[in-house]
Amino acid sequence: MKAARVAFGGALHDAVPHADGVQLEDGRVLAEDAVVWLPPFEVGTIIALGLNYADHVKELSKELTVTAQDEPLVFLKGPGSLIGHRGFTRRPNGVNFMHYECELAVVIGRSAKHVKRADAMQHVAGYTVCNDYAIRDYLENWYRPNLRVKNRDGCTVLGPWFVDAADVPDPHALKLRTLVNGKLTQQGSTADMVNDIPALIEYLSAFMTLQAGDVILTGTPDGVLNVNVDDEVVTEIDGIGRLVNTIVGDESFGR
Amino acid sequence: MNSLLAFSSAPYRLSGAVYGTLLNHGVALAALGDAMNHAPFKAPPQAPVLYLKPRNTLASAGSPVCVPQEFGELEIGASLGLVIGRTACRVSEAQALAHLAGYVVVADLSVPHSSFYRPSIRFKARDGSCLIGPQLLPCDAVGAPDALGLQVTVDGRALQQTSTGGMQRSAARLLADVTEFMTLRPGDVLMLGVPAGAPRACAGQRFAISIAGLGDLEGSLVAEWVPERVTEERAA
Numbered sequence: 001m002k003a004a005r006v007a008f009g010g011a012l013h014d015a016v017p018h019a020d021g022v023q024l025e026d027g028r029v030l031a032e033d034a035v036v037w038l039p040p041f042e043v044g045t046i047i048a049l050g051l052n053y054a055d056h057v058k059e060l061s062k063e064l065t066v067t068a069q070d071e072p073l074v075f076l077k078g079p080g081s082l083i084g085h086r087g088f089t090r091r092p093n094g095v096n097f098m099h100y101e102c103e104l105a106v107v108i109g110r111s112a113k114h115v116k117r118a119d120a121m122q123h124v125a126g127y128t129v130c131n132d133y134a135i136r137d138y139l140e141n142w143y144r145p146n147l148r149v150k151n152r153d154g155c156t157v158l159g160p161w162f163v164d165a166a167d168v169p170d171p172h173a174l175k176l177r178t179l180v181n182g183k184l185t186q187q188g189s190t191a192d193m194v195n196d197i198p199a200l201i202e203y204l205s206a207f208m209t210l211q212a213g214d215v216i217l218t219g220t221p222d223g224v225l226n227v228n229v230d231d232e233v234v235t236e237i238d239g240i241g242r243l244v245n246t247i248v249g250d251e252s253f254g255r
Numbered sequence: 001m002n003s004l005l006a007f008s009s010a011p012y013r014l015s016g017a018v019y020g021t022l023l024n025h026g027v028a029l030a031a032l033g034d035a036m037n038h039a040p041f042k043a044p045p046q047a048p049v050l051y052l053k054p055r056n057t058l059a060s061a062g063s064p065v066c067v068p069q070e071f072g073e074l075e076i077g078a079s080l081g082l083v084i085g086r087t088a089c090r091v092s093e094a095q096a097l098a099h100l101a102g103y104v105v106v107a108d109l110s111v112p113h114s115s116f117y118r119p120s121i122r123f124k125a126r127d128g129s130c131l132i133g134p135q136l137l138p139c140d141a142v143g144a145p146d147a148l149g150l151q152v153t154v155d156g157r158a159l160q161q162t163s164t165g166g167m168q169r170s171a172a173r174l175l176a177d178v179t180e181f182m183t184l185r186p187g188d189v190l191m192l193g194v195p196a197g198a199p200r201a202c203a204g205q206r207f208a209i210s211i212a213g214l215g216d217l218e219g220s221l222v223a224e225w226v227p228e229r230v231t232e233e234r235a236a
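Sequences listed follow chains A and B, in order.
Taking my numbering, the leading residue of the first sequence gets 1, the next gets one more, and so forth.
Taking my numbering, the leading residue of the second sequence gets 1, the next gets one more, and so forth.
Looking at chain A on its own, in the form it has when it is part of the complex (with noise of 0.2 Å):
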């Protein structure tokens, strides 16, 4: 099953797919466009992965200045970072390098500690599709990837469905893809995480907590461009959804 929250005609509702758009629950039918998406579901805490890819890696290593991995590459985003499908992202006038990142969120549906890799996937409620976005101009190596990089108002992206984990047999053979106006820019397939699902939540859940609505962004394959102003930008995973974006400039915030 998916599901949606969207706000329409003044109030929030719960949505599902429609042939002609999206249904509410109290049975309105609207067209995509005619409601405002919000993420999917209540988010908890967001736990984000970097370099999650190998071919991710390779990309980045010229600016990497450690390699060795003994450990999964886990950076938090806070909830003011939060929008939904068909949202606008602000690129600041003057940088050189904001990137997207097609990421498979996991969120967790029962609380995880101490949680063996046999029993991991008991503990995911379902998945939805992430856009990570990522602006390099400020990168500094002081607590990477430090938050004005990688928590900036309206930089993470999440829809427009969730979709319930029974509905996905085979979270690791997932084909994802990027798509920046109407061109393939990046793809690959989560076979190719370094730490899969079981992994990260064993490794997570030996020192945190992993609450409901609590969400993994599992990292990106190699792939990311630059965008600019006006681009739209189309995050998409096979069986999960195709997550809408568009790159607004300063203008629209009055900067």
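Because the hints were derived from the structure by calculation, they are not lab data.
Heads up, the beta-carbon is just placed ideally off N, CA and C, and yes, glycines get one too.
Some clues are possibly wrong.
[Said to hold, decoys possible] Label-pair distances were calculated between CB atoms; the ranges are:
(1) B/D140 - A/D238: 54 to 60 Å
(2) B/D140 - A/A206: 42 to 48 Å
(3) A/P169 - B/G166: 22 to 28 Å
(4) A/G10 - B/E180: 29 to 35 Å
(5) B/S220 - A/D250: 45 to 51 Å
(6) B/R86 - A/D14: 29 to 35 Å
(7) B/Y117 - A/H114: 26 to 32 Å
(8) A/D238 - B/D216: 20 to 26 Å
(9) A/N226 - B/A158: 31 to 37 Å
(10) B/V222 - A/G249: 51 to 57 Å
(11) B/G166 - A/A7: 42 to 48 Å
(12) B/A47 - A/D14: 47 to 53 Å
(13) B/Y117 - A/P92: 21 to 27 Å
(14) B/A6 - A/L12: 21 to 27 Å
[As the list claims (entries may be wrong)] Simulated coverage check for chain B against chain A, where a stretch passes if three residues somewhere in it have a Cβ under 8 Å from a Cβ of chain A:
(15) 17-24
(16) 51-61
(17) 119-131
Starting from the structure of chain A, add chain B where the hints point.
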């Protein structure tokens, strides 16, 4: 945390978003010396150095904090917590403090680590490692936030006596620089920064953080309980 610190004025309770600030204390930064200019850092920090304390870390004042067996001790980071009262987006330094609901004491307990480059979140995101309390004090009851006496005691002995002063960025400047790129919402907490020389403590010890006008935040350290099967695997 079962009930995030509640108080009697808006926004009535914390949102659960807690951000820490590192290397804001001038002495802490200066201690790095010329190393800042070399790999892996290559340059001193420009923007505020920030991190998150996720919701699993949050606990009330007085809660016991678990010390992982493999590390043996925790560093007791004491900071003034700035509690947002009004949504703060691109606030000016002059207007910044008007966006606060007030102040709290924050105890940020970390596994001691020397890396500032890309430290593992294992060191800072452990369950129950961030105590907030004992109460929220409104701004007018506290006065200027940048010169408050701060003391950390362990088992009754004062191991750190300093103040909230000497920061690279004052509370107002920090709020201005942070909200330039990330909006803070009512109930969010931004830590001003832990002064250099944070003491360490072991399981069985008690600590207290006192910030002038805000009261004492107390806590105790206990040995972490680990399921047997995990212990066996570690031994193997």
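Against the structure, the hints:
no.	hint	verdict
1	B/D140 - A/D238: 54 to 60 Å	57 Å, holds
2	B/D140 - A/A206: 42 to 48 Å	45 Å, holds
3	A/P169 - B/G166: 22 to 28 Å	57 Å, violated
4	A/G10 - B/E180: 29 to 35 Å	32 Å, holds
5	B/S220 - A/D250: 45 to 51 Å	50 Å, holds
6	B/R86 - A/D14: 29 to 35 Å	31 Å, holds
7	B/Y117 - A/H114: 26 to 32 Å	28 Å, holds
8	A/D238 - B/D216: 20 to 26 Å	56 Å, violated
9	A/N226 - B/A158: 31 to 37 Å	53 Å, violated
10	B/V222 - A/G249: 51 to 57 Å	53 Å, holds
11	B/G166 - A/A7: 42 to 48 Å	46 Å, holds
12	B/A47 - A/D14: 47 to 53 Å	39 Å, violated
13	B/Y117 - A/P92: 21 to 27 Å	25 Å, holds
14	B/A6 - A/L12: 21 to 27 Å	25 Å, holds
15	17-24	holds (count 4)
16	51-61	holds (count 6)
17	119-131	holds (count 7)
The structure fails to meet hints 3, 8, 9, 12 from the earlier list, while all remaining hints are met.
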